[in-house]
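S.K.: Numbering (my numbering), first residue to last: 563 to 784.
No lab work stands behind these hints: they were computed from the structure.
Quick list of simulated restraints, FRET-style, between CB atoms:
#1 Ala608 / Val689: 22 to 30 Å
#2 Met764 / Ala575: 38 to 46 Å
#3 Pro638 / Arg749: 36 to 44 Å
#4 Ala578 / Pro638: 21 to 29 Å
#5 Met764 / Gly637: 38 to 46 Å
#6 Glu766 / Ala608: 47 to 55 Å
#7 Met764 / Ser659: 37 to 45 Å
#8 Phe574 / His758: 33 to 41 Å
#9 Leu696 / Pro621: 38 to 46 Å
#10 Pro621 / Thr784: 49 to 57 Å
Where a beta carbon is used, it is the ideal one built from N, C-alpha and C, also for glycine.
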Amino acid sequence: MSVRTLVVDDDFAVAAIHRGFLEAMPGFEVVGEAHRGGEALRAVEALRPDLVLLDIHLPDMSGLEVLARLRARNGPPVDVIAVTAARERETVRQAMSRGVDNYLVKPFTRTAFLDRMREYLAQRTEVQRLGQVLDQDEVDQLMHHRPRVVLPKGLSAVTLRLVTDALKDSENDLSAQEVGDRAGLSRVSARRYLEHLVTIGMAEVQPRYGMANRPAHGYRLT
563 MSVRTLVVDD
573 DFAVAAIHRG
583 FLEAMPGFEV
593 VGEAHRGGEA
603 LRAVEALRPD
613 LVLLDIHLPD
623 MSGLEVLARL
633 RARNGPPVDV
643 IAVTAARERE
653 TVRQAMSRGV
663 DNYLVKPFTR
673 TAFLDRMREY
683 LAQRTEVQRL
693 GQVLDQDEVD
703 QLMHHRPRVV
713 LPKGLSAVTL
723 RLVTDALKDS
733 ENDLSAQEVG
743 DRAGLSRVSA
753 RRYLEHLVTI
763 GMAEVQPRYG
773 MANRPAHGYR
783 LT
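Take these sequences, add in the hints, and give me the full structure.
M.R.: What follows is the structure, given as structure tokens:
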């Protein structure tokens, strides 16, 4: 089931860009836009979204106030990701203390936005997969207490997992294009992650031939 998402940003053009990013991404459905804090609160009650992308700088009230009211309201819980140019330490601290689920600082690239949304979607899926009572290992997973693997600059752990899963789910070796199609990436991006997996010994290259009998490569997990 798609994540029903409300986009909140005072800039109509920026809201439209974020909406376009999400509408082109599997797993998300944009159910509405809001451009003021009060409008956002009313939209949450009317539309019942699963997720709110929330700007902090709104014309009638701070996004921090919107966040606090969302956390204090009765009704189904809603996840909130701050998507904002506000980067002051105190603002970020307050957003965290009021229960923001993630924080993305403008300006950012389309790739950075999509990676953050994939990260959210992966975490949401993991939460839904777990049972009602968690053991310590499962709690640690959700609280992000796992040691983080240091990746080369420009690579995302979430996207790396998508690439790894694409290889794991296939009985045969896959080309970079095939991995990209399964993971929602371009061929060039998929190849970067595949080459990293080969470098660290998690994948190996298999010779194959492409169109016009030209040499090509397939990849599989070791």
